[in-house]
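**Student:** Fit chain B to the given chain Z structure using the hints.
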Amino acid sequence: SQTIHQWPATLVQPVGSPLSLECTVEGTSNPNLYWYRQAAGRGLQLLFYSIGIGQISSEVPQNLSASRPQDRQFILSSKKLLLSDSGFYLCAWSVREATEAFFGQGTRLTVV
Amino acid sequence: AQSVSQHNHHVILSEAASLELGCNYSYGGTVNLFWYVQYPGQHLQLLLKYFSGDPLVKGIKGFEAEFIKSKFSFNLRKPSVQWSDTAEYFCAVITYSGAGSYQLTFGKGTKLSVIP
Chain Z
1 SQTIHQWPAT LVQPVGSPLS LECTVEGTSN PNLYWYRQAA GRGLQLLFYS
51 IGIGQISSEV PQNLSASRPQ DRQFILSSKK LLLSDSGFYL CAWSVREATE
101 AFFGQGTRLT VV
Chain B
1 AQSVSQHNHH VILSEAASLE LGCNYSYGGT VNLFWYVQYP GQHLQLLLKY
51 FSGDPLVKGI KGFEAEFIKS KFSFNLRKPS VQWSDTAEYF CAVITYSGAG
101 SYQLTFGKGT KLSVIP
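From first to last, the protein sequence lines stand for chains Z and B.
Just so we're aligned: 9 in our numbering is position 9 of the first sequence, and the numbers increase by one with no gaps anywhere.
Just so we're aligned: 106 in our numbering is position 106 of the second sequence, and the numbers increase by one with no gaps anywhere.
Treat the hints loosely; a few may be bogus.
Taking lysine-lysine pairs in the BS3-like style, the calculated list, with each CA pair at most 30 Å apart, reads [as the list claims (entries may be wrong)]:
| id | chain 1 | residue 1 | chain 2 | residue 2 |
| --- | --- | --- | --- | --- |
| 1 | B | K78 | B | K61 |
| 2 | Z | K80 | B | K108 |
| 3 | Z | K79 | B | K71 |
| 4 | B | K69 | B | K108 |
| 5 | B | K108 | B | K61 |
| 6 | B | K71 | B | K61 |
Derived by calculation from the structure, the hints in this document are not laboratory data.
Just chain B, same shape as in the assembly:
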């Protein structure tokens, strides 16, 4: 079965610091990749997605992620974080699970705390 690994459980950064959150998945076939964000007290929202094409994808609020197929990775980056980026971030993968169905699998999440 496919799995998604997020290596950092909790990341604490000062404002203006650069961010990189790791995400690796285990699946040898075609994947669609996502990063979701959950701000305190809010529901999950899509931050960015990768289906095909340019492996460097840009999302909302200055976030970007790079798909490296050889490393089975889809790391999230932001050059300069803000206090408002404090949230929990989830990496997710859609894989084909047979009979015309697709399965969405999430990582365990990384909590980001940005200190003003």
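Pulled out of the complex, with its shape left as it was, chain Z reads as follows:
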């Protein structure tokens, strides 16, 4: 069966420090991969999605970037965190034929 792993679960980082959140999917090939940010009252904001290795689409210009170095690995990064980057980040995957997405447990990022 397919599983999605996202880590760390919580992270506290100082302003100006780098960020790397990792997400891996097991049990499937060529998944669509997504990074979302969830803010209270604002729902899920799509940050990046990827249909294949090295193929990243950015939905919202910001201080973050994403990379897909392997088929089932999706990384969210920042060179210098801002206070406004605090939030709850969710990784998700779906099969390419547009079925439902499956979510990881999420990472609570606090920038101090």
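**Tutor:** Quick look at chain B alone, frame taken from chain Z:
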């Protein structure tokens, strides 16, 4: 770009009351529709989905949703809510975004509080 609107930010109901959460999307092509639920402290879970066929779909825990194409709507319903239904509910749409890729867009969510 496609968008998903959930009209109610916070709904408060007493147990046994009926529930209807609104969801509208803006996209003229073929869509796949979903409702997700997030219970307090838990990750997002799929509640139900619509791809094609009968526009009235039934999900887990007694929830159902009706797809009305002419209204671009996919409202979630439950005839009698329970305290355990307290959660945040998200409507989502998958649309075709070209070059063989599909995009999943979420609404802002509706928080449901059920009072015992």
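**Student:** Evaluate each hint against the coordinates.
**Tutor:** Comparing the hints with the structure gives:
Between K78(B) and K61(B) the CA atoms are separated by roughly 9 Å; this keeps the pair inside 30 Å, and the hint holds. A hinted pair counts as satisfied when its Cα atoms are at most 30 Å apart, and K80(Z) with K108(B) qualifies at roughly 28 Å. Distance restraint check for K79(Z) and K71(B): the Cα-Cα separation of roughly 44 Å exceeds the 30 Å cut-off, and the hinted pair is therefore not satisfied. Taking the CA atoms of K69(B) and K108(B), the gap is about 21 Å. The hint holds against a cut of 30 Å.
With a CA separation close to 22 Å, the supplied pair K108(B) and K61(B) stays within the 30 Å bound. As the CA atoms of K71(B) and K61(B) are separated by approximately 26 Å, the hinted pair is consistent with the 30 Å bound.
In the structure shown, a violation is registered for the earlier hint numbered 3 alone.
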